[in-house]
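The working numbering applies: residue 392 is where the sequence shown begins, and numbers increase by one.
Since the hints were made in silico from the structure, they are not lab data.
Keep in mind that this is a model prediction, so the values were computed, not measured.
Any given hint could turn out to be false.
To be verified - Once the Cα atoms are required to be at most 30 Å apart in a straight line, the calculated DSSO-like pairs of lysine-lysine come out as:
no. : residue 1 : residue 2
1   : Lys-466   : Lys-504
2   : Lys-466   : Lys-560
3   : Lys-540   : Lys-560
4   : Lys-560   : Lys-535
5   : Lys-535   : Lys-466
6   : Lys-504   : Lys-540
To be verified - FRET-style restraints, in silico, Cβ to Cβ:
no. : residue 1 : residue 2 : range
7   : Lys-504   : Phe-626   : 36 to 44 Å
8   : Phe-548   : Tyr-575   : 13 to 21 Å
9   : Leu-495   : Arg-604   : 23 to 31 Å
10  : Ser-453   : Asp-610   : 29 to 37 Å
11  : Ser-547   : Leu-585   : 17 to 25 Å
12  : His-615   : Met-451   : 33 to 41 Å
13  : Asp-610   : Glu-565   : 38 to 46 Å
14  : Glu-574   : Asn-602   : 21 to 29 Å
15  : Glu-503   : Asp-628   : 42 to 50 Å
Ideal placement from N, C-alpha and C gives every residue a C-beta, glycine not left out.
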Amino acid sequence: EERRRHRPSATAARCHSCPMASVLGRLGSVARMGGSLLGKVVFTRSAAAFGAGALTAMPMMSGEDFFYYSFITDKDPDAIIDFYSTEDFLQILGIFPFALHFVLAGVVWDLEKENTNTVYQSMEISFTLEEEEDDDGVVGFFQKRERFKNFIPLTSFLLWDQVQCYGYKRREDETVEVFHRGEYFHGPMPIRLLIGLHARYVIWATERHINSRLFAGEDMEGQHDQRGNIPAYVFND
């Protein structure tokens with residue numbers, strides 16, 4: 392009989408997977424460059440409203456199970472849980488180190504809502520960690536479920552809303568199927584397309600990392616460098 396429990400959030404002490412991390416990072420880099428070249432940039436509610444109007448004028452999409460990608464690995468399930476429950480996975484989601492640093496700099500934890508934080512007062516991220524043990528006491532199912540709600544900065548006007556899940560299912564041959572699933576999305580069609588492209592990159596990069604010789608090894612520095620630039624690792628392998 393399977394035993395289901397929620398994994399404590401202590402292992403996930405920062406902003407975890409953020410599918411739009413790389414997009415936010417690029418926007419932040421552009422904003423800083425523009426500020427240095429053109430002088431002081433003034434953000435106003437009118438400018439935000441104009442941007443929101445442009446987004447909401449685009450065709451909207453809603454749907455469930457909007458993507459599902461998976462791969463098989465024989466790596467240690469506990470190591471996979473640790474990977475998804477810490478900032479290690481965020482390195483891959485952000486694609487570029489500056490994107491990760493940009494996002495983490497804007498994280499503020501909500502003291503009233505459990506496992507919830509905001510990023511630059513424009514995104515709310517909440518998550519749960521779930522496990523199911525097999526009869527032999529091994530975790531046979533693990534899932535991190537995250538909801539991302541994007542708003543006009545400094546307002547409660549919702550631009551798009553999505554839920555993504557990351558985890559694994561243990562197979563009868565004791566290998567595991569690692570999966571990434573888009574559970575729900577509502578928002579502008581161009582954003583949906585960008586998220587879909589990002590999801591394809593993330594599953595590709597995650598497979599390359601988890602199935603690499605470095606994963607769950609003793610070379611922590613090598614793992615960190617690899618996660619920070621998966622394309623370079625694949626090219627040089």
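Results for each hint:
| no. | hint | verdict |
| --- | --- | --- |
| 1 | Lys-466 to Lys-504 | violated (34 Å) |
| 2 | Lys-466 to Lys-560 | holds (12 Å) |
| 3 | Lys-540 to Lys-560 | holds (27 Å) |
| 4 | Lys-560 to Lys-535 | holds (12 Å) |
| 5 | Lys-535 to Lys-466 | holds (18 Å) |
| 6 | Lys-504 to Lys-540 | holds (14 Å) |
| 7 | Lys-504 to Phe-626: 36 to 44 Å | holds (42 Å) |
| 8 | Phe-548 to Tyr-575: 13 to 21 Å | holds (19 Å) |
| 9 | Leu-495 to Arg-604: 23 to 31 Å | holds (28 Å) |
| 10 | Ser-453 to Asp-610: 29 to 37 Å | violated (44 Å) |
| 11 | Ser-547 to Leu-585: 17 to 25 Å | holds (23 Å) |
| 12 | His-615 to Met-451: 33 to 41 Å | holds (39 Å) |
| 13 | Asp-610 to Glu-565: 38 to 46 Å | violated (25 Å) |
| 14 | Glu-574 to Asn-602: 21 to 29 Å | holds (25 Å) |
| 15 | Glu-503 to Asp-628: 42 to 50 Å | holds (46 Å) |
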